[in-house]
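Based on the provided sequences and hints, a complete structural model is requested.
There are 4 protein chains.
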Amino acid sequence: MKWVVLVGSVRKGSFNAAVARALAGIAPEGVSVELLPSIAQLPIYDGDIEAAGIPDSVAQLATTVAAADALVIVTPEYNYSIPGGLKNAIDWLSRVPTKPLKGKPALIQSASMGVIGGARAQYHLRQVLVCLDMAVMNVPEVMVGGVHTKVTDGVLTDQGTLSFIEGQLAAFHDFVRKHKLAEGA
Amino acid sequence: MKWVVLVGSVRKGSFNAAVARALAGIAPEGVSVELLPSIAQLPIYDGDIEAAGIPDSVAQLATTVAAADALVIVTPEYNYSIPGGLKNAIDWLSRVPTKPLKGKPALIQSASMGVIGGARAQYHLRQVLVCLDMAVMNVPEVMVGGVHTKVTDGVLTDQGTLSFIEGQLAAFHDFVRKHKLAEGA
Amino acid sequence: MKWVVLVGSVRKGSFNAAVARALAGIAPEGVSVELLPSIAQLPIYDGDIEAAGIPDSVAQLATTVAAADALVIVTPEYNYSIPGGLKNAIDWLSRVPTKPLKGKPALIQSASMGVIGGARAQYHLRQVLVCLDMAVMNVPEVMVGGVHTKVTDGVLTDQGTLSFIEGQLAAFHDFVRKHKLAEGA
Amino acid sequence: MKWVVLVGSVRKGSFNAAVARALAGIAPEGVSVELLPSIAQLPIYDGDIEAAGIPDSVAQLATTVAAADALVIVTPEYNYSIPGGLKNAIDWLSRVPTKPLKGKPALIQSASMGVIGGARAQYHLRQVLVCLDMAVMNVPEVMVGGVHTKVTDGVLTDQGTLSFIEGQLAAFHDFVRKHKLAEGA
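Residue numbers (our numbering), protein chains in the order written: chain F, 290 to 474; chain W, 290 to 474; chain A, 290 to 474; chain X, 290 to 474.
Treat the hints as calculated values from the structure; they're not laboratory data. Every value quoted in this text rests on a predicted model; they were computed, and no experiment measured them. It cannot be assumed that every hint is accurate.
If chains are identical, the list can't say which one is meant, so a pair holds when it fits in one copy or spans any two.
Said to hold, decoys possible - Each computed BS3-like pair below joins lysine-lysine, with the alpha-carbon atoms no more than 25 Å apart:
#1 Lys291 <-> Lys391
#2 Lys391 <-> Lys439
#3 Lys301 <-> Lys467
#4 Lys467 <-> Lys391
#5 Lys388 <-> Lys467
#6 Lys469 <-> Lys439
#7 Lys291 <-> Lys467
Given below as structure tokens:
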């Protein structure tokens, strides 16, 4: 089983990217986890660009997502909501005629330096994913607060956080497996 | 009094841009209304870019907004939320050290081809503007449904819609005036 | 298969109750649809009452919900959100130790006299149902605007609305069936 | 200046009620703070009851709120949203013909045993208060996490929390004062 990860932050030292990179090591056996290209490489969504043809960067992203069994989104919260760049990537994906997100199992994680851990971004993101008809797991939710104290040299090292996320990934594995069974039924 | 307008859509034939362009003609006497540059010219927000210096496009946008008496946001709804490009512009403005949005009076309008008129984008946007501590007018709300039937050759021609928006702008004029009085007190 | 319906409005002439009563006649073959008792019979949630024992009205509601294959919620929007009485019923159900809502398939419908059709209540409700770990169908969404023109003498008579809801119920039937298969896997 | 406080929780040992009772002691000089009657005394909102006449309990609540200079809401979060009982009280107040909430300055506080401190209830509440056209202060926001460790024998004793709330009340005092000046202008 292959999961792909969309990271909502762009900078090299991103704490959320550190969380995303940690997933491969704690994912259930038989699951490969691959980070998607940076959301910074996409243009701002523009219907005129779309009319001239879906950009290659979007098309390639869509193909990779479509081929995966599930999508994991790991994101900070910007101004009490979804980072614009992440939303822009999702907006583009929503316009690809093959609809790579429709019906796809999805998992949300967020991390922030504050105590709330990005919760506000998660609920806005959930509303977006209703529109896209994704199959989003409810609980457990991963909202990593104080993330700057849990990452060392770009590596998520906090054992409690790693264990909690490992549990979420195990639950998601079961969720995806059941979803595929149901869709095949 | 000078109001500036941020448009959440980029394409040339944007219905929301048509709404935005109509505002100057129906704004209260003594109010000039100026459209801000396209949100498409900003890069995707990246903390590394920020660390190297706020980009000129962001800095100029911030200066123009800071000099205005109020900000009007006219936006479509993308995937049940704020367009990524608009959120990206707001994310950048939130990082400018002079905080051009803080305490600024703000008005929200949305338009869509569907019946809901972009309402879902408006409430997500309101949550963002709480974070930025903007003074957002509550009511009346402008959510233009079926906008494709109300715009002709890029011009908002529906008289009912124009009259309703004119009423909202008059209310906002009063709101901004009171806000300035209070801040000066 | 048995579905139970929780109605968010209490008054006798409720338009949402009219929508709810229409469901039995357009549900897929083999599905019985039963309205739950009025939410008005429950006390305001109070932890001290709970500590003295779950009230009989709550316990009976919980038992009925637990025995059903799915829950349908049909509700108006009050003040841009969930009616307090409906939220109170959900709050009580969330406190019953057997957790009758956990994992249960759920469907949301709303109706209002305005054009937005109760959309704002639906998204708040969706956030609540994430917390309760319900399996909520995404789309199609039923938001009946101008409902007062579609109900005659307490009966939902608008054919377009009935057809659209019939389609949603068929999709939900498939959703519930798949959900049960997956859970049994 | 007189502020009234609506508490979203009913039980005698409520942590949020403890926060609410603490306000009088840390409010700015010249401000009296009075707790409103329990939300548990109101019936579930019912349009038929309303048609027969606003209940006395609602009418008295409305009169008290109308006479106050500002409303403070102190509430737990139930199932990721506003407690049903609190929303029910607000729904009733919204139906009183004198519109006691319209234009009234409002302040929100929440407390919970978890780390998020009731944030999700606050943003749903803010959306409701847009509808009611209240003048809600943006920041600073008070979300008291781990409240069970900060209340002793029904008294909010945590000095850090008390100081932070005291700062919020001072900011709100200024906010209400400016609002009244603007309205009188």
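My question is about Lys291 and Lys391: at a cut-off of 25 Å on alpha-carbon distance, are they close within one copy, between copies, both, or neither?
within (17 Å within a copy, 28 Å between copies)
How would you classify Lys388 and Lys467 at a CA-CA limit of 25 Å: within, between, both, or neither?
For Lys388 and Lys467, the Cα distance is within 25 Å both inside one copy (22 Å) and across copies (21 Å).
At most 25 Å between C-alpha atoms: does Lys301 with Lys467 qualify within a copy, between copies, both, or neither?
neither (36 Å within a copy, 42 Å between copies)
Since the copies are identical, ignore which copy is meant and state whether Lys391 and Lys439 lie within 25 Å (CA to CA) inside a copy, between copies, both or neither.
neither (34 Å within a copy, 31 Å between copies)
Is it within, between, both or neither when you check Lys467 against Lys391 at 25 Å Cα-Cα?
both (17 Å within a copy, 17 Å between copies)
Can you tell me if Lys291 and Lys467 fall within 25 Å by alpha carbon in one copy, between copies, both or neither?
The answer is both: 15 Å in one copy and 22 Å across copies each meet 25 Å.
Can you tell me if Lys469 and Lys439 fall within 25 Å by alpha carbon in one copy, between copies, both or neither?
neither (34 Å within a copy, 40 Å between copies)
Of the numbered hints listed earlier, those contradicted by the structure are 2, 3 and 6.
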